[in-house]
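Asker: On the provided structure of chain D, position chain X as indicated by the hints.
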Amino acid sequence: MAGEVGPPSRDKERDGPVVPLRNPGDAMSVETEQSIATMRMPAGLGGLLPALTLIGLFFVVPVLALLLRSVTDPAPGLQNYAALLGDGTYARVFFNTFLVAAVVTIVTVLVAFPVAWMLAIMPPSLASVMFGIIILSMWTNLLTRTYAWMVLLQRTGVINRALMATGIIDQPLPLINNLTGVTIGMVYIMLPFMILPLVGTLRAIDPMTLRAAALCGASPFQAFRRILLPLSLPGIAAGGLMVFVMSLGYFVTPALLGGTSNMMLAEMIAQLIQSLLNWGLGSAAAFILLIATMALYALQLRLVGARRATGGI
Amino acid sequence: MLLDYDRMGWLKTALLGFTALVAAFLLLPVVFIVLLSFGSSRWLAFPPPGWTLKWYQELFADPSWLEAALTSARIAALTAILAVLIGLLASFALVRGEFRGREILRGLLLTPMVLPVVVFAIAIYAFFLRLGLGGTTIGFVVAHTVLALPFTIIPIATALEGFDKSIEDAAIVCGASPLQAKLRITLPSIRIGIFSAAIFSFLASWDEVVVAIFMASPTLQTLPVKIWGSLRADLSPVIAAASSLLVGLTLALMIVTALLRRKFKT
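First to last, the protein sequences are chains D and X.
Just so we're aligned, residue 38 is where the first sequence starts under the numbering used here, counting upward by one.
Just so we're aligned, residue 607 is where the second sequence starts under the numbering used here, counting upward by one.
This is chain D alone, in the form it adopts within the complex (with noise of 0.2 Å):
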């Protein structure tokens, strides 16, 4: 059965790489005739094939003949889609991921804008010290980030102690194994990627406009609503679209903080593939992951086009 899937899709990616390198030779002939400047450029597309070579041969040939499995395995058909769509429990997983995801993007751009905007604005030594501690957190190996929020949000872990010695509780709450967890985990994990871009979108306001609307009599909340909310809605759409794609595919942290009755997509490719060894459900999975995560990504770009889709690390 595997060896069914495998040759014929290799085959037909050998040919990927190549096909889109031929035209632009071409179009560099004519390139050099007009620039001097080009002619000395050696190897401009050249330049191109070690990475064309490794993204096709180890990244696209691999997805597809995953893509091909999902329809072949263990029988030819379209019945590990409808087994996925038809099904009850698989139903709750795409919609725990989807739930999960649109509330800790939310959460995150909520959380992340204030900060972005002072972080904007702040002096440079003060901006400075934050900038460290957001990108330390960032560097911190991710299963430790992930293993501290354990420890912390233990039914007998530092938080709850602490909210029961203030009075505030007088049960835990049941902060892990659950949604809750996930969110607070992934929150975590999401904010510098939406804070860093943020700020450069924010620093781009030019702050006499702000001025201009004061001088025309605009309150403060005017101001926000329709002047600087509005000019940094970009920079909240593009980064809010990348923690979103990011948090739907997520599998360390929704697989460690959340508990077994509400699974998330991810964990449960992982698991039909690794534990279960139901290859045909599992890639059927997580293609459906892969075209979510594409469409997203094809709107991004849309929005923001492909350098600052990809940008801001």
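Don't read these hints as lab results, they were simulated from the structure.
Some clues are possibly wrong.
Said to hold, decoys possible - Partial list, computed: chain D residues near chain X (C-beta under 7 Å):
1) 92
2) 95
3) 103
4) 178
5) 179
6) 182
7) 247
8) 265
9) 266
10) 267
11) 268
12) 323
To be verified - What follows is a list of derived Cβ distance ranges for each label pair:
13) D/193 with X/769: 22 to 32 Å
14) X/860 with D/271: 25 to 35 Å
15) D/123 with X/863: 16 to 26 Å
16) D/336 with X/773: 21 to 31 Å
17) X/773 with D/83: 18 to 28 Å
Think of the CB as a built atom: it goes at the ideal place given N, C-alpha and C, for glycine as much as any other residue.
Answerer: Frame of chain D, contents of chain X only:
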């Protein structure tokens, strides 16, 4: 006056207070884990009843931790070298080349950053099972290089876009060969980009969990796989000790980056 730091009044106080809270939230797990690793309670009671180094002793007494760390370091170093080289070549083509479909190719090369890792993980896992590369160093390095490539292309291409090509042309006019001009003029000028690319791609491999979980074999496991396995078993303080060492490494890396950036800029 919403973007005027000195004239925001009470709003500035409120927003600064909120920013400080977020800073505390971001620092909380990092500081907590370091404190925890020195606590004497096996059950992770906090604040700990006493302070001890025994978790670090346990960590170093178990050779499998060190072995996993060395495996991770080896794979991450190879990944960084490969990804920077491939990314450097690709960046030159993407920034300097004039051809149709450039943005599409750029998008394609950056896709591994966007696609959920779990999808790539099972795809490459199945592929390598067939090629017999599962659980090998080569398999790890190839898979991690795919994931790290976008993290090298973005900083190098950005640096290259900011570099004035006429300086390179001037060197050629003065008799340097195109290759000499690139090696002695262009590459030193974009070294910040190359350096960032090296750090990012190293970290992309060093911290990578999902592909590693699928690819690991009993004889070859990286540090994240080792931590993952221990986490699933119990929340032993030994993990806190290992994690604190990783936090230390991150801090060291940040300081080196900051120092080098300052040096490059002057």
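Asker: Holds or violated: is there a CB of chain X closer than 7 Å to the CB of residue 266 of chain D?
Answerer: For residue 266 of chain D, the interface hint is violated, since the closest Cβ of chain X sits about 10 Å away, which is over 7 Å.
Asker: With a cut-off of 7 Å, does the beta carbon of residue 179 of chain D approach a beta carbon of chain X closely enough for the hint to hold?
Answerer: It holds, given that the least Cβ distance between residue 179 of chain D and chain X is near 6 Å, below 7 Å.
Asker: So, residue 182 of chain D near chain X? Judge it on the closest CB pair being under 7 Å.
Answerer: Status holds, d = 5 Å.
Asker: Could you see if the CB distance from residue 123 of chain D to residue 863 of chain X stays within 16 to 26 Å?
Answerer: Between residue 123 of chain D and residue 863 of chain X, where Cβ atoms are some 51 Å apart, the hint is violated.
Asker: Taking 21 to 31 Å as the hint, is the beta-carbon distance of residue 336 of chain D and residue 773 of chain X inside that range?
Answerer: violated, 39 Å
Asker: Grab the minimum C-beta distance from residue 92 of chain D to chain X and call the hint holds if it beats 7 Å, violated otherwise.
Answerer: Constraint on residue 92 of chain D satisfied, holds at 6 Å.
Asker: Should the interface hint for residue 267 of chain D be scored as holding, given a Cβ-Cβ cut-off of 7 Å against chain X?
Answerer: Nearest chain X Cβ about 13 Å off; hint violated.
Asker: Given residue 103 of chain D was flagged as interface, is its beta-carbon under 7 Å from a beta-carbon of chain X?
Answerer: Because about 4 Å separates residue 103 of chain D from the closest Cβ in chain X, which is inside the 7 Å limit, the hint holds.
Asker: With a cut-off of 7 Å on the beta carbons, see whether residue 247 of chain D makes it to chain X.
Answerer: holds, 5 Å
Asker: Is the shortest C-beta separation between residue 323 of chain D and chain X less than 7 Å?
Answerer: holds, 5 Å
Asker: Please check whether residue 178 of chain D passes as an interface residue: C-beta within 7 Å of a C-beta belonging to chain X.
Answerer: Holds, about 4 Å.
Asker: Is the distance from the Cβ of residue 193 of chain D to the Cβ of residue 769 of chain X consistent with 22 to 32 Å?
Answerer: violated, 56 Å
Checked against the numbered hints above, the structure violates hints 9, 10, 11, 13, 15, 16; every other hint is satisfied.
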